[in-house]
Amino acid sequence: MKCIFKNRKISSVVAVVPKEEYRFDDEYPVFKLTEDKAKRFKKMMSLDRHRIAPPGVCASDLCQHGLQHLLDEGILKKEEIGALIFVSQTPDYTMPPTSNVIQGKLGLGREMICLDINQGCSGFLLGLMQAFLLLDIAALPKVVLLNGDTCSKQTDRCNRISYPLTGDAGSVTIIERCEAENPIYVDVKNDGSRHQAIMIPAGRYRMPSTSETLKLKEVEEGVVQNLEHVHMDGAAIFSFTMEDVPPQIDEILEFSGDTRDSIEHFLFHQPNPFILKQMADKMRIPLTKLPNNIVSLYGNCSSVTIPLNITHNCSEQLLREKSRVCMSGFGVGLSWISMVMDLGPLAASKILEY
Amino acid sequence: MDKIKLYEQLAEILDVEQVKAEDVLGDFEAWDSLAILSVLALADSKYGVAIKAEEIRSVVSALDLASLIEAKKK
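Protein chains in written order, with our numbering: chain A, 1 to 354; chain B, 1 to 74.
No lab work stands behind these hints: they were computed from the structure.
These figures come from a predicted structure and were not determined experimentally.
Glycine included, C-beta positions come from ideal geometry on N, C-alpha and C.
Among the clues, some could well be false.
With the C-beta cut set under 8 Å, the calculated list includes, among others, these residues of chain A facing chain B [stated by the list, open to error]:
| id | residue |
| --- | --- |
| 1 | 44 |
| 2 | 230 |
| 3 | 233 |
| 4 | 234 |
| 5 | 238 |
| 6 | 243 |
| 7 | 259 |
| 8 | 278 |
| 9 | 280 |
| 10 | 283 |
Straight-line alpha carbon distances no greater than 20 Å define the calculated EDC-like cross-link-like pairs of lysine to aspartate or glutamate that follow [said to hold, decoys possible]:
| id | chain 1 | residue 1 | chain 2 | residue 2 |
| --- | --- | --- | --- | --- |
| 11 | A | 42 | A | 26 |
| 12 | B | 46 | A | 264 |
| 13 | B | 52 | A | 243 |
| 14 | B | 52 | A | 233 |
| 15 | B | 72 | A | 258 |
| 16 | A | 39 | A | 26 |
| 17 | A | 42 | B | 15 |
| 18 | B | 52 | A | 191 |
| 19 | A | 277 | B | 44 |
| 20 | A | 6 | A | 35 |
From just these sequences and the hints, can you work out the full model?
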């Protein structure tokens, strides 16, 4: 489905990563890989380093740190926040919603909306859509979108398939009204019939946590996981990414009246550098316009990859001027959302450490 | 389709000197999820063919892969 939002803008984006950084070259012995295989894996996936939150640090802590920074800097005032959205698959609790927990810790006012959303790869764009909608009814002028995930806690440290590509991060995005029409074009697609392609089978109510669901089992030679870890059907996800996402990019560009040339940056979710290179080749977009460097530097941190992409690759420009961008988030659900908009100039665009 | 060329490309993915038509892919030490991903990418970028997850799982030999790509190209 397609829709257009008007008179709305993103005014600030701040990403937060844990200060703990780990390098593949130091880690690979725990993956039980031979040196040859490690080299092949490293080259194919351009593995270098990633950020991992220590035990006890939650996605909400990273988000709260970023939000506190914006308040301290005076870029945002508590009395301006009409809604707080927290998008995550690693919330603090099953209940209450983590957005309420953060609201309480920061001492925000009562006349506001708190909303948790369970989404991963497309979660930044789904959260933005929700923020654009809430601006219509919120009593106060700004909506704060928090994206945060500690994906490293959903896999085993020795799992060489998922762990080296994983990262933890949070982000804070401020959304507000603007005088200019600033049309934002959106295309949303979902296919729940393929929901098993990326899932954590156990640990909630369909299959509650037991000693059985925590038992590690070998899924490939030397690779162990339990039913409370993330399960990915790599081949199915590859097919999805290559077959379903590129046509959506064609659709959104036609919808917004853009071309590959009129878009300056294609800021995509970052599953891994390899698949992004394949996609870019297929769509005939050069990698200079479609960055694929985030996983090599921070790891795949679910819905925070697009905010990291913005802040790592475009901060300097976006603090100064606006840019025509196409963003796309695709994965768990399966869900895929693409958006074309003018982004910037931003009041804040940076990466913080926690 | 040039099957010899495909077997050369497979040999490169599997990091071996040579791959023959009758070779069982599962017997190669390097045939893992990463190699499967490489084969899907190869089929897409070099042969313009989208292989589905369930299709690659039914492939046993190098010749099976060549036949699958050939059938899908039609």
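Verification of the hints:
A least Cβ separation of about 6 Å between residue 44(A) and chain B falls short of the 8 Å threshold, and the interface hint therefore holds. Annotation: interface hint on residue 230(A) violated; nearest CB of chain B at approximately 14 Å, more than 8 Å. With a least beta-carbon distance of about 6 Å to chain B, the hint placing residue 233(A) at the interface is held under the 8 Å criterion. Restraint check, residue 234(A) versus chain B: the minimum CB separation of about 5 Å is within 8 Å; hint holds.
Checking residue 238(A) against chain B by beta carbon gives a least distance of about 5 Å; that is within 8 Å, so the hint holds. Look at residue 243(A): its Cβ gets to within about 5 Å of chain B, closer than 8 Å, so that hint holds up. At its closest, the beta carbon of residue 259(A) sits 23 Å from a beta carbon of chain B; the interface hint therefore is violated under the 8 Å criterion. Proximity of residue 278(A) to chain B holds as hinted, the smallest CB-CB distance being about 5 Å (cut-off 8 Å).
Because the closest C-beta pair between residue 280(A) and chain B is about 11 Å apart, greater than 8 Å, the hint is violated. With a least beta-carbon distance of about 12 Å to chain B, the hint placing residue 283(A) at the interface is violated under the 8 Å criterion. Note on residue 42(A) and residue 26(A): the hinted pairing holds, with a Cα-Cα distance of about 12 Å set against a maximum of 20 Å. Proposed proximity of residue 46(B) and residue 264(A) is contradicted: the alpha carbons are some 28 Å apart, above 20 Å.
Under the criterion of a C-alpha separation no larger than 20 Å, the hint pairing residue 52(B) with residue 243(A) is consistent with the structure, at around 10 Å. At roughly 11 Å between alpha-carbon atoms, residue 52(B) and residue 233(A) fall within 20 Å of each other, so this suggested pair holds. As the CA atoms of residue 72(B) and residue 258(A) are separated by approximately 33 Å, the hinted pair breaks the 20 Å bound. The straight-line distance between the Cα atoms of residue 39(A) and residue 26(A) is roughly 13 Å, inside the 20 Å bound, and the hint therefore holds.
Of the supplied pair hints, the one linking residue 42(A) and residue 15(B) holds, its CA atoms being roughly 15 Å apart against a limit of 20 Å. Distance restraint check for residue 52(B) and residue 191(A): the Cα-Cα separation of roughly 16 Å lies within the 20 Å cut-off, and the hinted pair is therefore satisfied. A distance of roughly 12 Å separates the Cα atoms of residue 277(A) and residue 44(B); the hinted pair therefore holds under the 20 Å criterion. Taking the CA atoms of residue 6(A) and residue 35(A), the gap is about 54 Å. The hint is violated against a cut of 20 Å.
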